[in-house]
Amino acid sequence: MLDTLLPILIFAALALAVIGAGRRVRLWRQGRPARVDLLKGLAAMPRRYLVDLHHVVARDKVMSNTHVATAGGFVAAAVLMILVHGLGLAEGVLGWLLLLASATMFVGSLFVARRRRNPPSRLSRGPWMRLPKSLMAFSLSVFLITLPTVGILPEDFGHWILAILLSAVLVWGLGEMVFGMAWGGPMKHAFAGALHLAFHRRAERFGEGNRSTGLKALDLDDENATLGVETPSDFTWNQLLGFDACVQCGRCEAVCPAFAAGQPLNPKKLIQDMVVGLAGGSDARYAGSPYPDRPVGEHHGSPHGPIVAREGKALVDAETLWSCTTCRACVEECPMMIEHVDAIVDMRRFLTLEHGQTPGKGAEVLDNLIATDNPGGFDPGARMHWAADLELPLMAQQGQAEVLLWLGDGAYDMRNQRTLRSLVKVLRAAGVDFAVLGDEERDSGDVARRLGDEATFQSLARRNIATLSKYRFERIVTCDPHSFHVLGNEYGELGGDYAVSHHSTFIAELHDAGRLEFRAWKGGRVTYHDPCYLGRYNGEFEAPRNVLKALGIEVAEMQRSGYRSRCCGGGGGAPITDVPGKQRIPDMRMGDVQETGADLVAVGCPQCTAMLEGVVDSDADVRDIAELVAEALVDSAPSKVSKPRLAQQPLAEEVA
Amino acid sequence: MRPETSINPGLEVTVLVSIGRHPVTGRARRADQDARGVELARSLEGAEVQLLHAGEQAETSEAALRGYLGMGFSELSLLEQPQGADVVPALAEALDAAAPHLVITGERAERGEGSGLLPYLLAERLGWPLVSGLAAVEGVENGVATLLQALPRGQRRRLKVRLPAIVTVDGAAPAPRQSAYGPARRGTFEALAGPVCHDEEWAEWQVQPARKRPKRLKIVKAASARDRFKAAAAKAEGGGGQVLTDVTPEQGAEAILKLLREEEVLR
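Those sequence lines, one after another, are chains A and B. So in this note's numbering, the last one in the first sequence is 691, and the numbering has no gaps at all. So in this note's numbering, the last one in the second sequence is 479, and the numbering has no gaps at all.
There may be inaccurate statements among the hints.
Short, incomplete list of chain B residues facing chain A, as computed with Cβ under 10 Å [stated by the list, open to error]:
(1) HIS234
(2) THR237
(3) ARG241
(4) GLY282
(5) LEU288
(6) PRO386
(7) GLN390
(8) SER391
(9) ALA392
(10) GLY394
(11) PRO395
(12) ALA396
(13) ARG398
(14) LYS427
Rather than coming from a laboratory, the hints here were simulated on the basis of the structure. Note that CB positions come from ideal geometry on N, CA and C, so glycine has one too.
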């Protein structure tokens, strides 16, 4: 009887899955067109899955092995089941292979079940709780049904009631694994995920050591295009596909600094809200952690309805989007390679460019950038006041230099001016041929872009590119990772291609070349904070550590360092929009510093310096790498200027 | 906090907008006070708001004018006037023809003559009442507007004015909303023709950057923090002021001249 029943069941499930898949594809295609090489993407998919995706999943060894067994077993079992039971090709080795595949899958599903016994809060519950049972139902029923086929059990083993029972269990398994995959069950992640990998919007991020972190430019010449994303259908179709691939593992939630600070953002929920939006409905069925302090079930949306309402509630609250620090921790951690930050900036673009609703000090900062080319509204002619006594060589006078020193807006900030002075001292000690743009420099556009003001970003970028094109230099060195990222990764699309280095990279090279000599470190315990825009955005984890090592410092690493470094809270315009939470992100980061027992935290970013130094009652000092290097310089190194350093002796001290 | 306003169906409001000048860089922008005027008009629910600018359409000025469109307007009326023209006759004619109920404008322009006289000259020509330094329009009923006028040190005065009227706003009015790029880019200019009147006196003037005016130092000799606080929070004491009532224009002018001599404004 099973011989007739099984093919019917299998092909019915497959047929329903095909219909469901068609409906799902229709949902994705509501999005805007995107230029994707479909065939090349499909061809690259297995490699992206087996290498790039596995690389991320394998950070959790147990889960990775569980997934390999379960998913690998399932794919093999499904294909073999169609051959053996669907088409009746039971001869030879096929049946045995099917037994092996389903047994492997069963073992995997046992581990899935174990993890679901006391799931961590980052995992979604709801339908996901039944998944291990469904996996077992599928693997066990396939295994048992195959036993008579290979002849271990007699063909007519058991009663017909047993056959009916087995078939019922198989229907459950098939329902979850095949039908559910295409109709929006938990297994949707496999179907959408595979296609998402194939048609990913950043194909260039795949492959060993490759990164793609620059935001994509908005076409401002097309006057009829919506600026940014207003409704879910304003995303490109492959972005919608990417949202649908989410497996709700909550790794993003676990690393999100805004979520930990109690701000109303949870990257996982955000992606799920986008899925609600693309299918239409309410978020009431979401079974994971909500946005902190925002109950589930009050928001609803549709593919062509607004994501953020001008007033009242729609799919997502504006504060959710403005809580993001664009630290990319979620993207780095996502095993599905979903691009959360792109989506958030797309939605911010609409709020800023169309509604004019940049919260907090956002509007003021953007007005300042438009009127004065710096976010603080300072006089552009005062940009070099900090270096009045340094006689810095100007590009306008020299026309060329080996190194163009990009100062960034930190030139207006008294704290960062200390870093800049140190960096100049180091460069002079090494005899580097460098020059600065001086008053010709403008803000790089980083903050404007991340606040969604693409128009101001492009205006600043184009003017900076025009200025840079007047001069000849081999590379740009900057102590601001945000400028580094924007100049290096985002100006290219607008016609400015430069070799850019962070000052830590450059100092490490100078030391390796023997152009700098350091005294031995005599201070206390030191830890190092990886700036997001240097580390995750640009993959520079080693150079700062090498510099510290050259200084004779042994870095006491924080638990979250390197690619898992926790944000200081200063990126993405977050200090400007200032969405309230339960605690402050920099406080948590200084807590991490304190755990290492360090007396000093070395940083390499003016934003991080400002955020971490703003933490009250902290035991650890915050120093930029340039400052540490400048202090450790041995004066015998080739030096053009050997003026006594005035900065060490403060000119005035507060006494009362 | 936005002032409470009633719904004003059919209330026609014209905001006169000029091209501003950023105090630090001198770049053209939406003028701060005019933008506050636009914001005030926007807060009148149900009102039909029109933007009117008199001047020439140049590339630099266009970006500044689009700043007003970005506050949520699809159109801006442009009364085309060559550079250096006296815009009062043209504005008066346009307002007379359009006959709005309420005209809102900033206290003074950020470039050009910037004398702050334009609203007064317009009011004189049109024969309309003028209220300066407005903080809010509280409501309009039966052709009478209830206005809240800002006085120094946060004081407010409620006034009732028969419409049509001209009102001016200064820094006391609510801050203008952010100008959004999308609507600013899409907005259009509707060109209006008007009489051109060359301002010959202005043409003869020499313009140069202003010197910073010397400030009178307020020397506080306070022993304690409490005294310092009291000194900082105290009202400026008028002291030598003098109120003249029922005097002839000649007597008034003489009194003003005497004061100017005393203060060494005139020598």
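Against the structure, the hints come out as follows:
For B:HIS234, the interface hint holds, the least distance from its beta-carbon to any beta-carbon of chain A being 4 Å, beneath 10 Å. With a cut of 10 Å, the hint placing B:THR237 at the interface with chain A holds, because the nearest CB-to-CB distance is about 5 Å. The restraint placing B:ARG241 at the interface with chain A holds, with a minimum CB-CB distance near 6 Å, inside the 10 Å limit. Restraint check, B:GLY282 versus chain A: the minimum CB separation of about 6 Å is within 10 Å; hint holds.
With a least beta-carbon distance of about 16 Å to chain A, the hint placing B:LEU288 at the interface is violated under the 10 Å criterion. Given the 10 Å rule on beta carbons, the hint for B:PRO386 is violated: about 13 Å separates it from the nearest Cβ of chain A. Residue-level restraint check for B:GLN390 holds (minimum Cβ-Cβ distance to chain A is 4 Å; threshold 10 Å). For B:SER391, the suggested interface contact is upheld, since its CB lies about 6 Å from the closest CB of chain A, less than 10 Å.
Checking B:ALA392 against chain A: minimum C-beta separation of about 3 Å stays under 10 Å; hint holds. With a least beta-carbon distance of about 4 Å to chain A, the hint placing B:GLY394 at the interface is held under the 10 Å criterion. Taking 10 Å as the C-beta contact cut-off toward chain A, the hint placing B:PRO395 at the interface holds, the least distance being around 7 Å. Taking 10 Å as the C-beta cut-off, the interface hint given for B:ALA396 holds, the closest approach to chain A being about 9 Å.
Here the hint on B:ARG398 is kept, as its CB sits about 7 Å from the closest CB of chain A, short of 10 Å. At about 20 Å, the closest approach between the beta carbon of B:LYS427 and any beta carbon in chain A exceeds 10 Å, and the interface hint on this residue is violated.
In summary, the numbered hints that this structure violates are 5, 6, 14.
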